[in-house]
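Novice: Residue numbers (the working numbering), protein chains in the order written: chain A, 57 to 338; chain B, 2 to 168.
Derived from the structure by calculation, the hints contain no laboratory data.
Keep in mind that a hint or two might mislead.
Straight-line alpha carbon distances no greater than 30 Å define the calculated DSSO-like cross-link-like pairs of lysine-lysine that follow [what the hints assert, rightly or not]:
id: 1; chain 1: A; residue 1: Lys65; chain 2: B; residue 2: Lys93
id: 2; chain 1: A; residue 1: Lys65; chain 2: A; residue 2: Lys88
id: 3; chain 1: A; residue 1: Lys317; chain 2: B; residue 2: Lys31
id: 4; chain 1: B; residue 1: Lys49; chain 2: A; residue 2: Lys65
id: 5; chain 1: A; residue 1: Lys214; chain 2: A; residue 2: Lys65
id: 6; chain 1: A; residue 1: Lys94; chain 2: B; residue 2: Lys31
id: 7; chain 1: A; residue 1: Lys132; chain 2: A; residue 2: Lys94
Letter by letter, the chains look like this.
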Amino acid sequence: MVFLRRLLKNRRLLIPIVFLIIAIAVVNITSKNQYVFKNIEMPLATALSPAQRLLSDLGFGIKETINAIPQFFYLKQENEALKEQVAELLQYKQYITEFQIENQELRNLLGFRERSFQYDLEAAEVIARDPSNWFNVISIDKGERHGIQKDMAVVTDKGLAGYVISTTHSTSKVMLITDERSSVSAMIQRTRDNGVVKGSIDPAPSGYLKMVFLPHDANLVKGDIVISSGLGGLIPKGIVIGEVEEANKESYELMQHAIIKPSVDFLKLERVFVIKGEKEAN
Amino acid sequence: MKALCYILVTLALFLMQTTMLNLIWTFAIKPDLPLVFALCIAMADGEKAGAAIGMLNGFLEDVFFGRFIGLGTIAKTAAAYLIGYGSQNLYKGRTIITMALTFVGTVVFNLFFVIVAYLTGELVYPWYQFFSITIPTALLNMLISPLIYRGVVKIERFIDFYFDIKY
Chain A
57 MVFLRRLLKN RRLLIPIVFL IIAIAVVNIT SKNQYVFKNI EMPLATALSP
107 AQRLLSDLGF GIKETINAIP QFFYLKQENE ALKEQVAELL QYKQYITEFQ
157 IENQELRNLL GFRERSFQYD LEAAEVIARD PSNWFNVISI DKGERHGIQK
207 DMAVVTDKGL AGYVISTTHS TSKVMLITDE RSSVSAMIQR TRDNGVVKGS
257 IDPAPSGYLK MVFLPHDANL VKGDIVISSG LGGLIPKGIV IGEVEEANKE
307 SYELMQHAII KPSVDFLKLE RVFVIKGEKE AN
Chain B
2 MKALCYILVT LALFLMQTTM LNLIWTFAIK PDLPLVFALC IAMADGEKAG
52 AAIGMLNGFL EDVFFGRFIG LGTIAKTAAA YLIGYGSQNL YKGRTIITMA
102 LTFVGTVVFN LFFVIVAYLT GELVYPWYQF FSITIPTALL NMLISPLIYR
152 GVVKIERFID FYFDIKY
């Protein structure tokens, strides 16, 4: 009682204690009851998203102008290189078409269901980024009214960027694969060894990923491509995640882990695609 | 009037931090403008005002990028409150003091952030990147703090001159 009376008189101490009790209660309520959190998030996100979109457009504009100045001097060289690349890619396209037909015929012979590598995509623009240096979450300008749902995969032309963690009417939060809390089922494309790709955790340096639970006898080499395995059902199979930078055996030698360099440049993420589903095969 | 003005500045800095700064700034570690603003308010106006601005800023961060409310709110409120409380008897306005307090404030913020994140299960390896994130952020925040502190003083003078002083 004496302690309580003293505490009530000492306002300097009372205010932080009351704040702490309220804060703990709020953490508990909003983390356990997503309905409450969403009801707070929805009106604020709807009110501020036009301002975010405007400012991010302005930011992109400034960035593009700054980037365009040095590029001007390399346009001719770039043009030549791109022409060569186009010719090479056209050749690849011919091969792929041949392989596709052959694959389809073989699948038909074996009685396998036809697979489609075409996705129903929704293009979106990055309108905001997590201000903290600890987590990697972005906000995109498409939400529930565009058919976006929680857990949908988010990709760029380079590969997997992350997945949707929550949606509002017109915006969505996307957790990038570099976030420490993210984990994606993956496999090494060449050896078909399965594992789980996690965000930037020990010993992966910031911006890199760590692939864990790899079999100890997996023969990994630098440059091996890592793709999503489709296990777990969140991320479709076959999306490029990155490439192996180095492989290390765990101290007890039962497992192996690899440091993965992501294929997407997360510092320059501007436009993304949300995979809403797989298109029906023809 | 002052409170309204500070709320609007916090909102503007939050929007700038999450949109323009994040898009233009292409380095992995970035300064935290709203945190520096809350720390400067704490230095200039005391711990309660600083804590209120820190709370608003942390709340916005939690709502827009978090999975629940509390992580940023607790860390930013605590950092601003402690800096305001600790700087009561210091001579305010000197650049070196502003920079030193901002550095300490950023370290305190990251410390609270990591503790709360660990307790809530948001961070599994809390200390792995603690120094590699905290020290560069604190240095960047420290560098921009004199500019933001000067801005806070100017806002205060403006409000005092036009709204609060009665002739």
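Novice: Going straight from one Cα to the other, do A:Lys94 and B:Lys31 come out at no more than 30 Å?
Specialist: OK: A:Lys94 and B:Lys31 at ~28 Å, within 30 Å.
Novice: Would the pair A:Lys132 and A:Lys94 pass a check requiring their Cα atoms to be no farther apart than 30 Å?
Specialist: Violated. A:Lys132 to A:Lys94 sits at ~51 Å, over the 30 Å cutoff.
Novice: Holds or violated: A:Lys214 with A:Lys65, Cα cutoff 30 Å?
Specialist: Distance ~61 Å between A:Lys214 and A:Lys65 Cα, so the pair is violated.
Novice: Taken at face value, is the distance from the CA of B:Lys31 to the CA of A:Lys317 at most 30 Å?
Specialist: Holds, because 21 Å separates the two Cα atoms, which is no more than 30 Å.
Novice: So if I understand the rule, the pair passes when the alpha-carbon distance is 30 Å or less; does A:Lys65 with B:Lys93 pass?
Specialist: holds (29 Å)
Novice: Going straight from one Cα to the other, do A:Lys65 and A:Lys88 come out at no more than 30 Å?
Specialist: This hinted pair is violated, its Cα atoms lying about 35 Å apart.
Novice: Does B:Lys49 pair with A:Lys65 here, judged by a C-alpha cut-off of 30 Å?
Specialist: The hint holds at about 17 Å.
Of the numbered hints stated above, those contradicted by the structure are hints 2, 5, 7, listed in ascending order.
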